[in-house]
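Enquirer: Spelled out from the first residue to the last, the chains are:
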Amino acid sequence: MSNSTEAGGSPARSLRERFPLLSIIAQRMVLSLILLLAVSALIFGGVEALPGDFASTYLGQSATPEAVANITAELGLDRPLVTRYFDWLGGVLQGDFGTSWASRNSVSEQVGNRLGNSLFLAAFAAVIAVPLAICLGMLSVHFRDRIPDKIINVISLAAISLPEFFVGYLLILYFAVNFGIATFPATVYQGMGFMERLQTIALPTATLVLVVLAHMMRMTRAAILSVMSSAYMETAELKGLSGWRAIVKHAAPNALAPIINVVALNLAYLVVGVVVVEVVFVYPGMGQYMVDAVTVRDMPVVQACGLIFAAVYILLNMVADILAIIANPRLRHPR
Amino acid sequence: MNDITKYLAGRVTTGGMNRREFMGRAMAAGVTLAAASQLYATSASAQAPKKGGNLKLGLEGGAATDSIDPAKATSQVMFTAVRTWGDTLVETHPETRAPVPSLAESWSPSPDAKTWTFKIRKGVQFHDGKEMTTDDVVATLKRHSDSKTESGAAGVLKSIKSIENKSGNLVVTLDSGNADLPAIFTDYHLVIQPNGGVDAPNAGIGTGAYKVKSFEPGVRMTFEKNTSDWRSDRGYVETVEIITMNDATARIAALSSGQVQFINRVDPKTVPLLTRAPTVQLLTTSGGGHYVFIMHCDKAPFDNNDLRMALKLSIDREEMVKRILGGYGKVGNDFPINDTYALFPEGIEQRSYDPDKAKFHFKKSGHSGSVLLRTSEVAFPGAVDASVLFQQSAKKAGIDIEIKREPGDGYWSNVWNVQPFSASYWGSRATQDQFYSGAYLSSADWNDTRFKNEKFDKLLITARGELDEAKRREMYRDMAVLVRDEGGTILPMFNDFVNAASKKLQGYVKDIGNDMSNGYVATRVWLDA
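The listed protein sequences derive, respectively, from chains A and B.
Residues 1 to 335 (our numbering) are what the first sequence spells out, left to right.
Residues 1001 to 1529 (our numbering) are what the second sequence spells out, left to right.
These are calculated hints, taken from the structure and not from any lab test.
Accuracy of the hints is not assured; some may be wrong.
With the C-beta cut set under 8 Å, the calculated list includes, among others, these residues of chain A facing chain B [said to hold, decoys possible]:
(1) Ser-103
(2) Ile-181
(3) Phe-184
(4) Val-296
So, partial list: chain B residues that the calculated Cβ filter (under 7 Å) puts toward chain A [stated by the list, open to error]:
(5) Gly-1052
(6) Glu-1060
(7) Ala-1064
(8) Ser-1067
(9) Ala-1154
(10) Gly-1218
(11) Asp-1247
(12) Ala-1253
(13) Ala-1254
(14) Gln-1259
Virtual Cβ for every residue (Gly too), placed ideally from N, Cα, C.
Just chain A, with the same shape it has in the complex (with noise of 0.2 Å):
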């Protein structure tokens, strides 16, 4: 061992020579930390950026000059921005995201709450999404330039085409209006028991559905395809694999790192992208909480919705890095 190392000269050498796959993955991990610190300073500075203070703002028409006064006093705004800084950075990096202006109540707390119910949403729309777009994706594969591959291609586009909300208002106005099978508004709250919560989200999970499904979809397809044309599938199909079994076997795992890229893509705008679909439903995610707080100013909450935004961002494409560096065997073992 002790040899191994004069002889690879510098330690921190030989340790990215012997495990270069892990030193790889420590370099994004170590790089996605960087990202997410300057990601804060860019939030705090750009939440103190803007137009109009939040006194004036929440008090609105009955606020008296005094009343401004007071809240603007108690909430200790007279402080230079950099200490301000760097106490919220102290505070977060031990889990506390300070205080609520307007409620006065534990911001992590009810972060906790909000982000629980946009992550069971994410959750619920990706395990039908994902599958459903994978299996689509090589059955139009399967069956390509066919009459099947024509179909899922149509459908999946015309629901992409339609803003969020549109399909959503669709959703809405056959299940729930019409049929009257469908529950409506989509609103959980603490307390109600697990089965309930499923059935009351059908029609948003329903609607994010069928707004992801057609980029992953495509996506699967294209991969794929362009592995299709090469020699080793060839082979397969003169050896006597059946179209199918290649597809699975063969070409998927080739085809796999833009596959997770765009699937994480996808799962990211799911958990922050969909303050829309949150609206439509009145479903109580984080989106709606952070636009709640922009428009009276509630920087603390602000911060806090813009970080936890970030940081879902950063995980998920560093998780995908990472997947697509374990499934690329050039990545694993680069000469």
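Once you have looked at the hints, place chain B on chain A.
Expert: Relative to chain A, chain B alone:
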């Protein structure tokens, strides 16, 4: 009984019409006063309240930032919530808006209207079982009026000098006489809490018809019946659920699919579609809220009264009510008071669209070129469309209005009350005095037209301390005329409150005090199975 009166009586029975409206229409249809009055009474009593059921309200105007503390209640959702779990000292009569007793049994002013004595009701229990005392009342009023308060009612309580418990009665002393003190105590922020809510402002404990069961800000709030309620003429349903629904289409879908029984803020444009559903009834009430274009009287070119008059004459009010409010409103007359206020000065000539007269005043003002109007979708619903209508009607009078569309975010801090000519709205206030003191007195915090008129200020202060109603009414007339002819307010329309409900919901009282039956909707209605 002819067909029209039959129809009207039917609407009273289903709760679609209040007494004032009924009498007006029935008499227009040729029924004598006594007969109409008799008819109203029989139709109204045909409906005996039914008890029980779960009432679901889908309301716009809630946010994750909502707080249950009544001092901080601002949104529509929290306004309704506060009215559901709490009581104020005084309430307003739904039809006349005169102060009527609630937690205060009676009151009397000193001759100079400076010292007021309120007799507090005995035997009223808070939700936690404790007896409400005069000390609780004193503590509540103090919390909302001390110098460190963050209460939304701080402004209307500014003139209070002392609040005391004198042998069981509440005695309030003011800086100067105010004949409207009981009306001020109807403000929804001022619900009486145990020890004034000093220890636990967010407890949601009051004396109201319902107890708060759960509260998730911006999502949902639930209530259950207060079984030891001190009043028997309210609180018919068993449980109440308020769901925050900020999307207009979601509210309409929820109502038409029967998932909620009441929604607020119905867009006038969607009314014809909504009322096509056989299960839905429309509930409109006239109110004192209004949409305005405001000019700063102290900034050029608006410091010239002829230019202001020219602009006032070049707006087509009838068209605005028709197009912007879909007919659910009344034309305004350039002063902020209408007949939903007590002591409304009747008979002031209605200003109407007159391009020729506008041209005359515009020429006299000596102004040339265009005037810049700032507007935004958040100023009031349809504000951008209204600005364009204004631009078109002014063009016919030879006045060129340039429209600048401002971003909605930050409009209230960067444009309104800052720029010299902009679109805005005002909600109703409890009294004329409160409205004028807040927005038209020279020294008012929100004098958004920079209207500074010594004669007006003097009248306002005198009227405030005047206990003789006839004299007061006369003064309010003079003030209205001053604002109408010299002020910076172009007031084309008063908007109705447009709500909708399931036909199962009955007993809805059209209260001119404020939106949603003055916030009391949950305590006043019942559900017909």
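Enquirer: All hints, please: hold or fail.
Expert: So, going through the hints one by one against the coordinates:
A least Cβ separation of about 5 Å between Ser-103/A and chain B falls short of the 8 Å threshold, and the interface hint therefore holds. Against a cut-off of 8 Å between C-beta atoms, the interface hint on Ile-181/A is violated, since the closest Cβ of chain B lies about 10 Å away. Interface restraint check for Phe-184/A: the shortest CB-CB distance to chain B comes to about 6 Å, inside 8 Å, so the restraint holds. Taken as an interface hint, Val-296/A checks out: its beta carbon lies about 5 Å from the nearest beta carbon of chain B, inside 8 Å.
Given hint, Gly-1052/B at the interface with chain A, is violated; its Cβ is 23 Å from that chain's nearest Cβ, farther than 7 Å. The interface hint given for Glu-1060/B is violated, since its Cβ lies 11 Å from the closest Cβ of chain A, which is over the 7 Å cut-off. Taking 7 Å as the C-beta contact cut-off toward chain A, the hint placing Ala-1064/B at the interface holds, the least distance being around 4 Å. Annotation: Ser-1067/B was flagged as interfacial toward chain A, and the flag holds, the nearest CB pair being 5 Å apart, inside 7 Å.
Given hint, Ala-1154/B at the interface with chain A, holds; its Cβ is 5 Å from that chain's nearest Cβ, closer than 7 Å. Annotation: Gly-1218/B was flagged as interfacial toward chain A, and the flag holds, the nearest CB pair being 6 Å apart, inside 7 Å. Taking 7 Å as the C-beta contact cut-off toward chain A, the hint placing Asp-1247/B at the interface holds, the least distance being around 5 Å. Hint on Ala-1253/B holds. Least Cβ distance to chain A is approximately 5 Å, under the 7 Å limit.
Given hint, Ala-1254/B at the interface with chain A, holds; its Cβ is 5 Å from that chain's nearest Cβ, closer than 7 Å. Proximity of Gln-1259/B to chain A holds as hinted, the smallest CB-CB distance being about 6 Å (cut-off 7 Å).
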